[in-house]
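Q: The opening position of the sequence shown corresponds to residue 1 in this note's numbering, with each subsequent residue numbered one higher.
Please keep in mind that the hints were generated in silico from the structure rather than gathered at the bench.
Please note: incorrect hints may appear among the correct ones.
[Said to hold, decoys possible] The calculated DSBU-like cross-link candidates involving lysine-lysine, where the alpha carbons are at most 35 Å apart (straight line), are:
id, residue 1, residue 2
1, K270, K239
2, K41, K12
3, K381, K4
4, K20, K381
5, K381, K415
6, K415, K301
7, K301, K12
8, K340, K124
9, K41, K145
10, K381, K340
11, K145, K270
12, K437, K301
13, K124, K4
[What the hints assert, rightly or not] For each label pair, taking beta carbons as the anchor points, the in silico distance ranges come out as:
id, residue 1, residue 2, range
14, A69, I120, 16 to 26 Å
15, S293, E190, 35 to 45 Å
16, G232, A475, 52 to 62 Å
17, D530, M319, 46 to 56 Å
18, G70, Q134, 39 to 49 Å
19, S367, A475, 37 to 47 Å
20, G232, D153, 26 to 36 Å
21, E571, G383, 29 to 39 Å
22, D316, A86, 30 to 40 Å
23, S481, Q413, 20 to 30 Å
24, G70, G310, 20 to 30 Å
25, S293, A552, 53 to 63 Å
By construction, the Cβ of each residue, glycine as well, lies at the ideal position given by its N, Cα and C atoms.
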Amino acid sequence: MLPKPIWLENGKVFLIDQTKLPGELCQLEITTAEQMWDAIKRLVVRGAPAIGLAAAFGVWLGAARRLEAGTLTADNFTAAVEEISAYLDTARPTAVNLHWAVTRMQDVAVAQCAAAEDGITAAKLVQGLYLECQRMLEEDIAACKAMGEYGADLLQNIPNFQAMLTHCNAGALATSMYGTALAPAYILQERQHPVAVYSDETRPLLQGARLTAWELSQSGIPVTTICDNMAGVVMAQQKVQAVVVGADRIAANGDTANKIGTYTVAVLAKEHGIPFYVVAPLSTVDFSLRDGSLIPIEQRKEEEIRQFNGRQTVPDGAMVFNPAFDVTPERYITAIITEKGVAYPPFAQNLEALRRGQPALQCDARSLQQQVLTAAQNMAKDGLSSGSFGNVSMVDREHDLLAITPSGVLYDQMKAEDICIVHMDGSEIAGVRNGYKPSSELPMHCAIYQARPDCSAIVHTHAAYCTAYGASGQALGAVISEMGMLAPGAIPLVPYCPPGSEELAQQAADVLREANGCLLANHGAVTVADTMARAYMLAQILEDGARTACLARQIGRVREIPVKESAILFEKMKQYGR
1 MLPKPIWLEN GKVFLIDQTK LPGELCQLEI TTAEQMWDAI KRLVVRGAPA
51 IGLAAAFGVW LGAARRLEAG TLTADNFTAA VEEISAYLDT ARPTAVNLHW
101 AVTRMQDVAV AQCAAAEDGI TAAKLVQGLY LECQRMLEED IAACKAMGEY
151 GADLLQNIPN FQAMLTHCNA GALATSMYGT ALAPAYILQE RQHPVAVYSD
201 ETRPLLQGAR LTAWELSQSG IPVTTICDNM AGVVMAQQKV QAVVVGADRI
251 AANGDTANKI GTYTVAVLAK EHGIPFYVVA PLSTVDFSLR DGSLIPIEQR
301 KEEEIRQFNG RQTVPDGAMV FNPAFDVTPE RYITAIITEK GVAYPPFAQN
351 LEALRRGQPA LQCDARSLQQ QVLTAAQNMA KDGLSSGSFG NVSMVDREHD
401 LLAITPSGVL YDQMKAEDIC IVHMDGSEIA GVRNGYKPSS ELPMHCAIYQ
451 ARPDCSAIVH THAAYCTAYG ASGQALGAVI SEMGMLAPGA IPLVPYCPPG
501 SEELAQQAAD VLREANGCLL ANHGAVTVAD TMARAYMLAQ ILEDGARTAC
551 LARQIGRVRE IPVKESAILF EKMKQYGR
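Use the sequences and the hints to build the structure in full.
A: The following block contains the structure:
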């Protein structure tokens with residue numbers, strides 16, 4: 001049975017005192033804003049969504065007590081709500097849901113007063129706050145279930161999924177019901193899909209050992225508690241197939257603040273090739289913060305580390321560092337699961353799309369962007385192009401995505417987020433805002449991908465020897481055996497067409513139907529392959545071949561590999577490096 005950390009009963013607010021778990025199940029009635037502030041501060045109630053709900057109830061309780069004392073009137077109602085909200089907002093600085101919740105209560109107070117008829121009573125306004133708290137509670141239950149459904153779908157798609165690892169407690173005890181990080185496990189349980197959980201103990205307050213293990217065992221889900229420093233071994237021994245954590249605050253770019261130790265788990269997950277999912281409602285995303293460096297981190301009391309179970313474990317002469325949270329950079333996060341859908345990298349675009357109710361990318365575009373960026377920068381470093389000339393692209397055919405270098409951005413200054421994302425036909429993707437225009441050669445890339453369904457990467461260089469050969473109009477035959485990977489004979493030459501034109505796009509696509517590389521008259525060379533690494537290798541081979549041919553002509557007569565032998569090499573080389 002799922003526990004509830006906060007609930008209403010006969011117009012009263014109750015909390016489970018989570019500081020007493022697992023040894024004692026203690027229920028507290030909260031009657032004042034001051035008691036709620038203390039409960040949030042002391043972690044009687046914790047977890048970003050539950051803290052937000054508690055704060056909202058705290059605003060209502062504070063207003064209700066002033067009404068009973070006779071100090072609350074319709075005239076000073078909004079000022080009183082603002083004062084109570086500001087007080088509760090100081091309980092814990094990192095959890096953005098706290099600020100979001102009290103701000104929402106203030107907005108409701110203002111809206112009530114603006115819409116009120118003359119003669120409305122303070123009691124009626126306080127009742128409005130109570131009803132808003134009920135709505136927030138119902139919304140949170142629905143949001144947690146939705147996050148659980150999205151997360152369960154992802155976990156079920158992992159081959160041979162059996163178990164996940166989590167850190168701290170982001171389960172039913174951290175929300176109104178289901179939780180965030182544990183919601184997918186509860187939904188899988190409802191679907192009768194096998195699921196087990198490895199729970200980090202989560203030092204220094206042991207939320208994973210005390211709370212996560214308690215609620216999962218109460219719910220009948222197999223749970224194994226481990227020390228925080230055992231996560232790497234668990235991953236190495238393939239005991240878990242995913243990591244799922246909650247969040248206390250997420251910056252606009254996806255950097256995520258969660259319980260201290262989460263960053264370590266994320267790094268370990270990436271090292272072991274295990275997906276790392278963050279589950280949190282959109283209210284946890286602080287769109288006002290550019291990145292995680294701006295997230296305030298709560299520093300807690302030294303005693304939490306100096307003592308364990310009432311006994312001193314750190315000598316008086318030693319210093320203590322006790323941040324409550326750390327920030328996991330977005331590059332370690334596979335996806336952020338919200339009640340509105342799943343956000344994949346780039347998070348800045350996809351989280352904003354979910355916020356606006358627009359469709360978000362359904363795959364990790366960051367991987368495409370990073371591969372395109374690496375190839376483009378290597379192209380400049382290796383002398384295959386300079387400045388911003390040439391272009392590189394890669395596609396995800398399953399999700400109809402094309403990532404391509406932008407126009408006019410120097411390679412040595414280019415960043416992954418500068419790489420443009422469009423559909424494979426070159427059209428814009430709803431909700432995706434590219435910072436630059438895609439390369440002017442986008443039509444050529446689109447045409448080639450359409451002509452070559454087996455290819456996923458294109459490299460267009462302005463390498464000197466390839467460009468010289470293309471400008472000379474002479475055929476470039478196979479002068480080194482590696483050129484057998486490019487074409488069954490001479491390298492095709494596309495006659496001059498204006499750069500960026502449909503004519504160039506179609507002619508390049510036509511010659512590359514049967515070849516993996518071609519020369520463009522006065523415009524460099526193009527290579528295609530099923531992976532970026534192979535497409536880039538072909539670009540290097542093509543430039544090596546052109547340079548070899550030029551040098552051979554200077555030395556004397558060029559002896560090319562016979563066309564028949566070149567055709568045989570072309571067939572053999574299709575399996576090279578496979």
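Q: For S293 and E190, compare the CB-CB distance with the range 35 to 45 Å and indicate the outcome.
A: holds, 39 Å
Q: Check whether the Cα positions of K301 and K12 lie no farther apart than 35 Å.
A: Holds - the C-alpha atoms of K12 and K301 are around 32 Å apart, at most 35 Å.
Q: Please work out if K340 and K124 have their alpha carbons no farther apart than 35 Å.
A: holds, 33 Å
Q: Is the hinted pair K381 and K415 satisfied, with a Cα-Cα distance of at most 35 Å?
A: holds, 15 Å
Q: Falls inside 39 to 49 Å, the C-beta gap from G70 to Q134?
A: Given about 26 Å between the Cβ atoms, the range is violated.
Q: Can the suggested window of 46 to 56 Å be confirmed for the beta-carbon pair D530 and M319?
A: Check passed, 55 Å falls within 46 to 56 Å.
Q: Holds or violated: K41 and K145, Cα atoms, limit 35 Å.
A: holds, 27 Å
Q: Between K437 and K301, does the CA-CA distance stay at or below 35 Å?
A: Answer violated: K437 to K301 is near 51 Å, above 35 Å.
Q: Taking the CB of E571 and the CB of G383, does the distance hold inside 29 to 39 Å?
A: At 31 Å between Cβs, range holds.
Q: Please check whether S367 and A475 have a Cβ separation lying inside 37 to 47 Å.
A: holds, 38 Å
Q: Just to be careful, I want the Cα atoms of K145 and K270 compared with a cutoff of 35 Å; is the pair within it?
A: Since the Cα atoms of K145 and K270 sit roughly 27 Å apart, the hinted pair holds (cutoff 35 Å).
Q: Has the hinted range 52 to 62 Å been met by the Cβ atoms of G232 and A475?
A: holds, 57 Å
The structure fails hints 3, 4, 6, 10, 12, 18, 23 and 24 (numbered hints given earlier, in ascending order).
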